[in-house]
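2 protein chains.
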Amino acid sequence: MLVSELVSRSGVPLASIKYYLREGLLMPGHATSATRADYDETHVRRLRLIKGLSGVGLSLGRIKAIIALIDEPGPSLFDALGTAVYALSPPPVADESHPRATAALELLGTPYLPDHPAVAQLEHALAAAEACGVGMTDDQLRAYAPHIEAIAAVDIALMPRDDPAAAIEYVVLGTILYEPIIAALRRLGHAALAADLLDKQGDLTHDV
Amino acid sequence: MLVSELVSRSGVPLASIKYYLREGLLMPGHATSATRADYDETHVRRLRLIKGLSGVGLSLGRIKAIIALIDEPGPSLFDALGTAVYALSPPPVADESHPRATAALELLGTPYLPDHPAVAQLEHALAAAEACGVGMTDDQLRAYAPHIEAIAAVDIALMPRDDPAAAIEYVVLGTILYEPIIAALRRLGHAALAADLLDKQGDLTHDV
Numbered sequence: 001m002l003v004s005e006l007v008s009r010s011g012v013p014l015a016s017i018k019y020y021l022r023e024g025l026l027m028p029g030h031a032t033s034a035t036r037a038d039y040d041e042t043h044v045r046r047l048r049l050i051k052g053l054s055g056v057g058l059s060l061g062r063i064k065a066i067i068a069l070i071d072e073p074g075p076s077l078f079d080a081l082g083t084a085v086y087a088l089s090p091p092p093v094a095d096e097s098h099p100r101a102t103a104a105l106e107l108l109g110t111p112y113l114p115d116h117p118a119v120a121q122l123e124h125a126l127a128a129a130e131a132c133g134v135g136m137t138d139d140q141l142r143a144y145a146p147h148i149e150a151i152a153a154v155d156i157a158l159m160p161r162d163d164p165a166a167a168i169e170y171v172v173l174g175t176i177l178y179e180p181i182i183a184a185l186r187r188l189g190h191a192a193l194a195a196d197l198l199d200k201q202g203d204l205t206h207d208v
Numbered sequence: 001m002l003v004s005e006l007v008s009r010s011g012v013p014l015a016s017i018k019y020y021l022r023e024g025l026l027m028p029g030h031a032t033s034a035t036r037a038d039y040d041e042t043h044v045r046r047l048r049l050i051k052g053l054s055g056v057g058l059s060l061g062r063i064k065a066i067i068a069l070i071d072e073p074g075p076s077l078f079d080a081l082g083t084a085v086y087a088l089s090p091p092p093v094a095d096e097s098h099p100r101a102t103a104a105l106e107l108l109g110t111p112y113l114p115d116h117p118a119v120a121q122l123e124h125a126l127a128a129a130e131a132c133g134v135g136m137t138d139d140q141l142r143a144y145a146p147h148i149e150a151i152a153a154v155d156i157a158l159m160p161r162d163d164p165a166a167a168i169e170y171v172v173l174g175t176i177l178y179e180p181i182i183a184a185l186r187r188l189g190h191a192a193l194a195a196d197l198l199d200k201q202g203d204l205t206h207d208v
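Sequences listed follow chains A and B, in order.
Quick note: the first sequence, position 104, residue 104 per our numbering, numbers continuous.
Quick note: the second sequence, position 17, residue 17 per our numbering, numbers continuous.
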């Protein structure tokens with residue numbers, strides 16, 4: 001397709017496409033003349049990826065790191081997946097000890113990976129909750145765990161298995177784009193349950 | 001307690017405490033002399049709340065809005081809860097129609113509340129995933145839903161019921177501080193499952 005069609009298919013303006021080409025984020029099209037190039041579905045998909053990642057506020061540097069992994073995943077797809085997820089949100093503090101996260105993972109007894117970058121993220125999140133007086137109890141963690149694992153299993157069941165680039169793209173986008181969907185559904189779940197509860201208690205009109 | 005003890009109990013520096021007092025975010029202590037005031041647990045708790053909300057990047061304006069609701073929840077606790085959650089993250093675009101969110105909520109058949117602020121958040125998140133070519137299918141939504149509801153039920157079961165201020169505080173902190181915990185556990189769940197899968201497939205050393 002011509003670049004004009006690429007613009008309409010991807011929804012990315014021409015100026016941005018030219019910029020991504022210059023920066024090496026978008027691979028060049030197949031040159032058909034001195035001034036024309038032919039683009040295909042891989043270009044549409046790449047632009048969607050860039051758009052998606054920049055839409056959630058990722059810097060160009062981090063998007064570049066993720067695209068480099070998609071283009072050259074290296075010998076271990078598992079490591080590439082971990083590195084790509086790391087690029088989405090590097091831990092706020094480089095801290096080697098993760099006492100809260102380690103304890104939580106031990107408690108859950110699941111084969112979590114202590115050296116995965118999300119462990120630092122978990123440590124930071126648990127510490128923040130604790131500092132605010134709403135630290136997660138073991139009971140809360142145990143109640144959450146099976147449901148989060150079930151959600152993760154739904155995701156991984158849909159991961160492309162024979163194309164490492166597609167697998168990384170899926171994991172990166174599924175991580176960063178589904179998190180706000182889960183958060184919104186949880187908030188709506190709270191609202192539905194609170195409405196029920198307060199209605200039953202007659203607290204909707206309770207004078208406080 | 002003296003203000004010095006309030007500093008050590010809350011972990012908030014004196015200068016910040018003075019600032020919060022001036023701004024009306026922290027209620028004044030009980031004056032015991034012209035230069036001394038007595039503080040109690042309510043002050044420690046309030047400072048933890050401010051610290052927690054500013055720690056996740058909330059502006060002082062939004063923190064003020066939430067504290068105003070805690071101080072005066074008004075006649076409907078349910079409305080106050082909704083307004084407080086709204087203050088956490090106002091929808092990026094004020095859009096009256098939510099076609100994707102409405103369809104998703106209808107599909108899930110749960111008593112979600114179409115006029116809750118998180119509906120706009122859901123609409124935005126579903127649209128972003130769709131634009132990137134990883135739109136949520138009905139099957140994915142149906143697979144997610146019971147687990148998100150179960151997590152929301154764990155949260156609401158722990159909500160304080162006889163103190164509206166405590167209920168708002170709990171919902172606000174539990175929403176904003178537990179979301180990153182859920183996200184980190186989901187990412188670790190992905191990693192554990194991907195490790196299993198790739199290991200079984202022999203893809204860990206698969207030359208790509």
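The hints are simulated quantities; they were obtained by calculation from the structure and are not laboratory data.
Keep in mind that a hint or two might mislead.
Copies of one chain are not kept apart here, so a pair can be met inside one copy or by any two copies together.
[Claimed, not checked] Calculated lysine to any residue pairs in the SDA-like style (CA-CA distance at most 20 Å, straight line):
#1 Lys51 - Gly133
#2 Lys51 - Met136
#3 Lys18 - Thr175
#4 Lys51 - Ala131
#5 Lys51 - Ala127
#6 Lys51 - Gly135
#7 Lys18 - Pro146
#8 Lys51 - Glu130
#9 Lys18 - Gly29
#10 Lys51 - Val3
#11 Lys51 - Ala195
#12 Lys51 - Asp71
#13 Lys64 - Gly135
#14 Lys51 - Thr32
#15 Lys51 - Asp196
Could you tell me which of the numbered hints above are not met by this structure, giving the numbers in increasing order?
When the structure is compared with the hints, numbers 3, 7, 11, 13, 14 and 15 turn out to be violated.
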